[in-house]
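Asks: Sequence:
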Amino acid sequence: MLVDSHCHLDRLDLTAHDGSLEAALDAARARGVGHFLCIGVSADNAADVKALAERYDDVDCSVGVHPLDVQPGAAPALDWLLHELDHPKVVAIGETGLDYHYEPEAAELQQASFRLHLQAAQQTGKPVIIHTRGARADTLELLREAALPQAGVLHCFTEDWDMAKAALDMGYYISLSGIVTFRNADALRDVASKVPADRLLVETDSPYLAPIPYRGKPNLPQYVREVAEFLAMLRGENYERFAEQTTENFKRLFPLASVRSAA
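Residue numbers (the UniProt record's numbering): 1 to 263.
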């Protein structure tokens with residue numbers, strides 16, 4: 001059984017499934033995907049991801065504000081975040097983090113929001129889902145500063161091995177998406193080959209970043225199978241064992257998730 005550890009079910013392009021989210025999830029289930037983590041990115045979609053998680057037994061969600069969704073003068077309030085996190089289907093915080101690639105001028109605003117999410121993690125014990133791009137040093141500095149007792153994950157990882165190892169040394173997990181299949185991703189494949197088996201997750205980040213052979217098309221949760229098969233081959237591991245290991249990793253990182261054992 002596989003878990004899609006990071007997908008945006010409220011944003012999927014469902015054209016291939018006649019507009020039906022149920023059909024899209026069924027297509028993933030038919031390919032061995034047994035659980036989905038639907039990710040919050042803003043105050044506006046917190047209710048949507050919670051409603052989706054309430055609707056499906058095999059869907060849990062997170063709540064948070066993506067760094068590129070933090071609005072000047074309107075950083076998320078801690079009391080709002082703690083209120084949203086107090087829900088049985090909200091198993092994680094985020095996605096949060098830093099993205100200087102698109103908005104380097106918003107560094108201070110993003111850092112304030114990131115610190116708030118880390119503070120919420122300290123108070124609730126729920127793991128954080130971290131987006132980081134173009135902000136290696138500051139991301140690691142804030143994680144060290146927070147010194148969270150529980151782990152989190154650097155999702156859709158695209159940085160180098162030095163950053164991966166620094167995060168691993170602090171207890172974090174690494175999640176890989178379809179980017180690892182791209183032809184120009186040699187450096188990321190090097191990282192993928194080195195991450196310890198018990199600290200690796202797989203994801204689609206759908207509807208974004210579809211893996212080869214679907215690159216350029218809308219991504220769907222069913223394509224986490226391509227990511228997992230590619231990584232198992234890259235690492236020289238048996239696919240079934242790899243799927244089992246990454247699912248166990250997910251359950252360990254997100255202990256509140258309602259992941260059922262494979263039939």
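It should be emphasised that the hints constitute simulated quantities derived from the structure, not laboratory data.
Honestly, I wouldn't trust all of these hints.
The calculated label-pair distances, taken between Cβ atoms and stated as ranges, are [said to hold, decoys possible]:
hint : residue 1 : residue 2 : range
1    : Arg-144   : Thr-15    : 37 to 45 angstroms
2    : Tyr-214   : Arg-260   : 21 to 29 angstroms
3    : Tyr-239   : Trp-80    : 40 to 48 angstroms
4    : Glu-248   : Phe-182   : 37 to 45 angstroms
5    : Arg-55    : Arg-183   : 33 to 41 angstroms
6    : Leu-82    : Glu-141   : 22 to 30 angstroms
7    : Glu-145   : Leu-256   : 37 to 45 angstroms
8    : Ala-147   : Asp-198   : 35 to 43 angstroms
Here are the simulated EDC-like cross-link-like pairs (lysine to aspartate or glutamate), alpha carbons at most 16 angstroms apart as the crow flies [to be verified]:
hint : residue 1 : residue 2
9    : Lys-251   : Glu-229
10   : Lys-251   : Asp-190
11   : Lys-194   : Glu-141
12   : Lys-194   : Glu-226
13   : Lys-194   : Asp-162
14   : Lys-165   : Asp-190
15   : Lys-217   : Asp-13
16   : Lys-194   : Asp-160
17   : Lys-165   : Asp-198
18   : Lys-251   : Asp-13
Cβ coordinates follow ideal geometry from the N, Cα and C atoms, glycine included.
Asks: Against this structure, judge whether each hint is valid.
Replies: Here is how each hint holds up against the structure:
{"no.": "1", "hint": "Arg-144 / Thr-15: 37 to 45 angstroms", "in the structure": "44 angstroms, holds"}
{"no.": "2", "hint": "Tyr-214 / Arg-260: 21 to 29 angstroms", "in the structure": "27 angstroms, holds"}
{"no.": "3", "hint": "Tyr-239 / Trp-80: 40 to 48 angstroms", "in the structure": "42 angstroms, holds"}
{"no.": "4", "hint": "Glu-248 / Phe-182: 37 to 45 angstroms", "in the structure": "27 angstroms, violated"}
{"no.": "5", "hint": "Arg-55 / Arg-183: 33 to 41 angstroms", "in the structure": "38 angstroms, holds"}
{"no.": "6", "hint": "Leu-82 / Glu-141: 22 to 30 angstroms", "in the structure": "24 angstroms, holds"}
{"no.": "7", "hint": "Glu-145 / Leu-256: 37 to 45 angstroms", "in the structure": "25 angstroms, violated"}
{"no.": "8", "hint": "Ala-147 / Asp-198: 35 to 43 angstroms", "in the structure": "22 angstroms, violated"}
{"no.": "9", "hint": "Lys-251 / Glu-229", "in the structure": "20 angstroms, violated"}
{"no.": "10", "hint": "Lys-251 / Asp-190", "in the structure": "26 angstroms, violated"}
{"no.": "11", "hint": "Lys-194 / Glu-141", "in the structure": "23 angstroms, violated"}
{"no.": "12", "hint": "Lys-194 / Glu-226", "in the structure": "19 angstroms, violated"}
{"no.": "13", "hint": "Lys-194 / Asp-162", "in the structure": "11 angstroms, holds"}
{"no.": "14", "hint": "Lys-165 / Asp-190", "in the structure": "12 angstroms, holds"}
{"no.": "15", "hint": "Lys-217 / Asp-13", "in the structure": "10 angstroms, holds"}
{"no.": "16", "hint": "Lys-194 / Asp-160", "in the structure": "11 angstroms, holds"}
{"no.": "17", "hint": "Lys-165 / Asp-198", "in the structure": "14 angstroms, holds"}
{"no.": "18", "hint": "Lys-251 / Asp-13", "in the structure": "28 angstroms, violated"}
In this structure, the hints that do not hold are numbers 4, 7, 8, 9, 10, 11, 12, 18, in rising order.
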